[in-house]
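J.: Assemble the whole structure, with the sequences as input and the hints as a guide.
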Amino acid sequence: MAGDKVDPVHQFVVNKIVPIEIGGIDFSFTNASLFMVATLAVAAGFLYFTTSTRSLVPGRLQSVSELSYEFIASMLREGAGSHGMKFFPMVFSLFMFILTANMLGMVPYFFTITSQIIVTFALAIFVIGTVLVYGFYKHGLGFLNVFVPSGVPGILLPLVISIEIISFLSRPISLSVRLFANMLAGHITLKVFAGFVASLGTLGALGIGGAVLPLIMTVALTGLEFLVAFLQAYVFAVLTCMYLNDAVHPGGH
Amino acid sequence: MFVTAAYAQSTTTEGAETHDAAAGEVHTETGVAHEGGHGSGVFPPFDSSTFASQLLWLAISFGLFYLLMSKVVMPRIGSILETRHDTIARDLDDAARSKAEADAAVAAYEQELATARAKGNVIASTAREAAKAKAAADRTAVETSLNDKISAAEARIADIKAKALADVGSIAEETATAVVEQLIGGKVSKAEIASAVKASAK
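Which chain is which? The protein sequence lines are A and B, in order. Residue numbering for the first sequence follows this note's numbering, starting at 1 and increasing by one per position. Residue numbering for the second sequence follows this note's numbering, starting at 254 and increasing by one per position.
Worth flagging that the hints you see were computed from the coordinates, not collected in a lab. From the three backbone atoms N, C-alpha and C, an ideal C-beta is built for every residue, glycine too. Treat the hints with care, since some could be wrong.
[To be verified] Straight-line C-alpha distance at most 20 Å; calculated DMTMM-like pairs for lysine to aspartate or glutamate:
no.	chain 1	residue 1	chain 2	residue 2
1	B	K352	B	E363
2	B	K387	B	E407
3	A	K86	B	E427
4	B	K451	B	E426
5	B	K324	A	E70
6	B	K372	B	D356
7	A	K16	B	D300
8	B	K324	A	E66
[Unchecked claim] Which residues of chain B face chain A? A partial, calculated answer using Cβ under 8 Å:
no.	residue
9	P298
10	V326
11	K416
T.: Below, the structure is given as structure tokens:
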């Protein structure tokens, strides 16, 4: 009975394709690895081949590449100022990688790598690590000013500083969980409603009539999920810009 | 689409009473909570046995992506945008310069036109003056020559008249001499006759 039920969690199972083990640690090439490489290939291939003609008057696809470039450039310039532009490759890579991964995840039967907490957590740690390393490298201990907002009365400072530290420490968690949870929840919801359609469809004429409602829901959710896929990549990039701003201007807020 | 062996096992044990898809979904979530401890039955994204492999492959693919972006794609897009920006700026400059040239040409043309028109007016008025002067000169010349001719003619008329009058005197003297000789038969001196003719002519 359970065997032919639709399992909404099955899509997140990591399967080994090529087992690799180095020093007792499992580094197998899995379906997750396959879609990371696919994300790399699709995103890099798109950006590479659409710009290869270097047309003065861009075609549609070249416009897409240029628009994403300028979109991230203006986002970073607004978020972290002109000094933050040295992180442009990083923010651009993050945005394009996450966006492509999210969009690829919308294709049926494709694995969504951003629905793996370890992936989003690794990306978030990469961002926070960059902020910490660059912040201390550039400003030394002055980077600690990031925990001391200006214009706060002395008596409130201990409280405010502890809040700032907690908020700073929770950044990698919120950054990673936000992306992970959105993708996970969206895909589960989509699968559940799609599952209703299949299950009700097997119950005869009445069931087929009843399956229309979850089908409409599935279509609507698919649209919503495309929005979420873009929005979460955008949110990740915007927050990355804000955190990088702390590294560039520690006393800025 | 189909649950894995581990799932199938747990779902059959825990969800025996669930038969529709909605209950199946709820049941799967409870299954997740219950399966937390079972190794491979763990909720897939939290299965730490896959973490090392995912981290490695993420590092490889994202690292490669980052390199491609920062070394190839972004400089290329940047140069495309810069070239376009420069081209547009240059074209705008060219356009502005051409416009300035055109404006200058128009101004020069109008200047020329005004000069030419002024010159034309000067030439026309000079020609008119000259023609007027020439006409006046011609007229005075003609008038003087006519006056000369008139006065010459008058002089000649006067001369002829005087000569004629003089001839009248001598004819009268001769006639008078002849008349007197016939009448009185004697000779009268020429001087007496001349004075008598002169007196009667007065």
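J.: Could you tell me which of the numbered hints above are not met by this structure, giving the numbers in increasing order?
T.: 2, 3, 6, 11
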